[in-house]
Amino acid sequence: MTNRKQVVLVVMDGVGFSKTGLGDAVTTANTPVLNEMLKSCPNTRLKAHGTAVGLPSDDDMGNSEVGHNALGCGQIYSQGAKLVNESIESGKMFESDSWKDALANVKNNDSVLHFLGLLSDGNVHSNISHLLTMLKKAKEDGAKEVRVHILLDGRDVPATSALQYVKQLEDCLAELSDDSFHAIIASGGGRMKVTMDRYQANWGMVELGWNTHVKGEGRQFENATEAIEAYRKELDVIDQDLPAFVIAKDGKAVGPITEKDSVILFNFRGDRALEISMAFDYEDFNYFNRGPKLGCYYAGMLEYDGDLHIPTHYLVNPPEIKNTLSELLVNAGLSQYAVSETQKYGHVTYFWNGNRSSKFSEELETFKEIPSDNVSFDERPWMKSAEITDDVIEAIKSEKYDFIRCNFPNGDMVGHTGNFDATVTGVEAVDLGLARLIKVCDEYNVTLLVTADHGNADEMLEKNKKGEIQVRTAHSLNPVPFIIYDKKNTYTIKEGEYGLANVAGTVASILGLKAPECWEASMI
Numbered sequence: 457m458t459n460r461k462q463v464v465l466v467v468m469d470g471v472g473f474s475k476t477g478l479g480d481a482v483t484t485a486n487t488p489v490l491n492e493m494l495k496s497c498p499n500t501r502l503k504a505h506g507t508a509v510g511l512p513s514d515d516d517m518g519n520s521e522v523g524h525n526a527l528g529c530g531q532i533y534s535q536g537a538k539l540v541n542e543s544i545e546s547g548k549m550f551e552s553d554s555w556k557d558a559l560a561n562v563k564n565n566d567s568v569l570h571f572l573g574l575l576s577d578g579n580v581h582s583n584i585s586h587l588l589t590m591l592k593k594a595k596e597d598g599a600k601e602v603r604v605h606i607l608l609d610g611r612d613v614p615a616t617s618a619l620q621y622v623k624q625l626e627d628c629l630a631e632l633s634d635d636s637f638h639a640i641i642a643s644g645g646g647r648m649k650v651t652m653d654r655y656q657a658n659w660g661m662v663e664l665g666w667n668t669h670v671k672g673e674g675r676q677f678e679n680a681t682e683a684i685e686a687y688r689k690e691l692d693v694i695d696q697d698l699p700a701f702v703i704a705k706d707g708k709a710v711g712p713i714t715e716k717d718s719v720i721l722f723n724f725r726g727d728r729a730l731e732i733s734m735a736f737d738y739e740d741f742n743y744f745n746r747g748p749k750l751g752c753y754y755a756g757m758l759e760y761d762g763d764l765h766i767p768t769h770y771l772v773n774p775p776e777i778k779n780t781l782s783e784l785l786v787n788a789g790l791s792q793y794a795v796s797e798t799q800k801y802g803h804v805t806y807f808w809n810g811n812r813s814s815k816f817s818e819e820l821e822t823f824k825e826i827p828s829d830n831v832s833f834d835e836r837p838w839m840k841s842a843e844i845t846d847d848v849i850e851a852i853k854s855e856k857y858d859f860i861r862c863n864f865p866n867g868d869m870v871g872h873t874g875n876f877d878a879t880v881t882g883v884e885a886v887d888l889g890l891a892r893l894i895k896v897c898d899e900y901n902v903t904l905l906v907t908a909d910h911g912n913a914d915e916m917l918e919k920n921k922k923g924e925i926q927v928r929t930a931h932s933l934n935p936v937p938f939i940i941y942d943k944k945n946t947y948t949i950k951e952g953e954y955g956l957a958n959v960a961g962t963v964a965s966i967l968g969l970k971a972p973e974c975w976e977a978s979m980i
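In terms of the working numbering, the sequence shown opens at residue 457 and continues consecutively.
Hints were generated in silico from the structure; no laboratory data involved. Careful, some of the hints might be misleading.
Said to hold, decoys possible - With a Cα cut of at most 30 Å, we get these calculated DSS-like pairs of lysine-lysine:
(1) Lys623 / Lys593
(2) Lys623 / Lys600
(3) Lys943 / Lys824
(4) Lys548 / Lys592
(5) Lys461 / Lys921
(6) Lys778 / Lys856
(7) Lys749 / Lys593
(8) Lys461 / Lys824
Whole structure, please, built from the sequences with the hints as guidance.
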């Protein structure tokens with residue numbers, strides 16, 4: 457351990473400042489520690505969405521991935537939708553080898569081109585506009601048969617908005633279809649039920665997706681609208697929880713994926729795209745009974761993991777994030793520790809380190825994953841907050857680490873369920889964690905920084921177009937806190953408007969390091 461102070465950064469995932477007061481679980485929660493810190497400690501509000509995290513406009517909500525990229529690298533990179541938008545506008549996407557090979561494969565084999573992904577304009581995992589553009593270009597480039605496998609959102613967009621996106625897609629398919637081009641929806645299901653698992657928490661979701669999209673197995677319907685309406689009536693669930701469905705004609709699935717077909721996953725966010733990509737890409741695969749590798753041509757919108765190179769083929773090159781905070785610390789010989797539970801472990805490691813799976817230094821970087829409960833998070837809204845707190849306290853007391861970071865997922869993961877009371881409990885659990893951390897920080901003369909990566913729990917209700925109040929399960933556009941707690945030192949936050957990318961420079965300042973010139977400025 458050096459003579460420098462230890463700095464601990466806490467990311468309260470999904471905890472922002474409400475602007476509307478609608479469904480504000482953060483303010484409703486009993487959070488005496490957070491309230492006192494905001495009252496007595498240097499603090500400000502950070503922009504955590506839109507252009508502050510590299511997204512196209514300030515109408516775009518932030519998310520944990522781009523949020524942790526910005527926190528960890530001190531810079532603003534073009535991200536997600538913006539990255540794809542730029543590639544489409546420049547024409548680079550359609551000049552990529554992967555696009556050309558996918559189209560050549562279906563033309564040479566007289567086979568089917570499949571699109572798979574989240575059907576919404578949430579701009580977090582995907583955007584329907586990208587799919588519609590690719591459908592039109594596929595026709596121009598000679599595809600004859602196209603099938604679309606739709607995952608329903610209700611999480612990054614209003615909870616029961618699926619039918620509007622289905623209509624938008626079906627209108628496009630109808631307009632494009634003629635004697636030379638035939639395109640229809642083939643299968644689907646809610647994003648939290650099929651295909652889009654992450655961090656290998658529930659491979660059963662991926663297996664169900666495989667059986668639905670690839671094998672064409674499952675409950676059959678004439679069309680997607682019929683499936684959605686039937687499930688809503690029977691089960692009374694929101695879009696993200698709708699079961700899988702298969703579109704069939706005369707009892708036969710209209711779009712199973714065969715070995716000579718091409719498949720494009722049009723999600724641009726990586727965490728929930730990795731596992732289905734592994735199922736398509738890996739020769740040796742034992743996470744479920746997939747059978748031999750299918751042999752179709754598979755490409756993702758992006759390379760979802762730059763170190764593991766998943767998938768092999770992708771349409772848009774990722775941002776090359778350089779000069780991260782972790783690199784600065786390693787080059788200065790400072791040790792760091794990162795911990796969260798499974799749901800956000802990748803955020804304090806992979807995304808924090810600039811979309812890098814490996815460490816910059818095995819000696820100076822230590823990562824700890826605490827397994828998440830495999831239950832709906834509103835059933836256990838405290839999640840692993842106590843265990844994360846235990847772990848951070850142990851890391852502080854060890855005095856091995858100069859910089860410690862952790863993520864409490866509660867405000868985000870419980871917030872996504874739409875259960876207000878459970879989310880209140882989740883936020884309170886995080887406040888209990890802060891109470892315990894403060895005592896140890898006082899004892900060991902630690903500077904404690906508290907922030908968030910985006911809002912969610914702060915806005916769990918919204919007005920729809922009719923002016924009616926409805927449940928909101930998406931992230932908010934609200935600012936998030938940045939607080940400096942230090943019993944023995946008084947820091948002053950300079951006047952100005954700041955975003956998540958200013959945090960890295962601030963950490964560097966506290967540790968006495970000179971930040972790279974490309975970083976956003978320190979706040980102190």
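So, going through the hints one by one against the coordinates:
A distance of roughly 20 Å separates the Cα atoms of Lys623 and Lys593; the hinted pair therefore holds under the 30 Å criterion. Restraint check: the Cα-Cα separation between Lys623 and Lys600 comes to about 22 Å, which is no more than 30 Å; the hinted pair holds. The straight-line distance between the Cα atoms of Lys943 and Lys824 is roughly 27 Å, inside the 30 Å bound, and the hint therefore holds. Note on Lys548 and Lys592: the hinted pairing holds, with a Cα-Cα distance of about 16 Å set against a maximum of 30 Å.
Between the alpha carbons of Lys461 and Lys921 the distance comes to roughly 51 Å, so the proposed pair goes past 30 Å and is violated. A threshold of 30 Å between alpha carbons decides the hint, and for Lys778 with Lys856 the separation of about 26 Å falls inside it, so the pair holds. This hinted pair checks out: Lys749 and Lys593 have alpha carbons roughly 28 Å apart, not beyond 30 Å. Taken as a hint, the Lys461 and Lys824 pair is honoured in the structure, with Cα atoms around 22 Å apart against an allowance of 30 Å.
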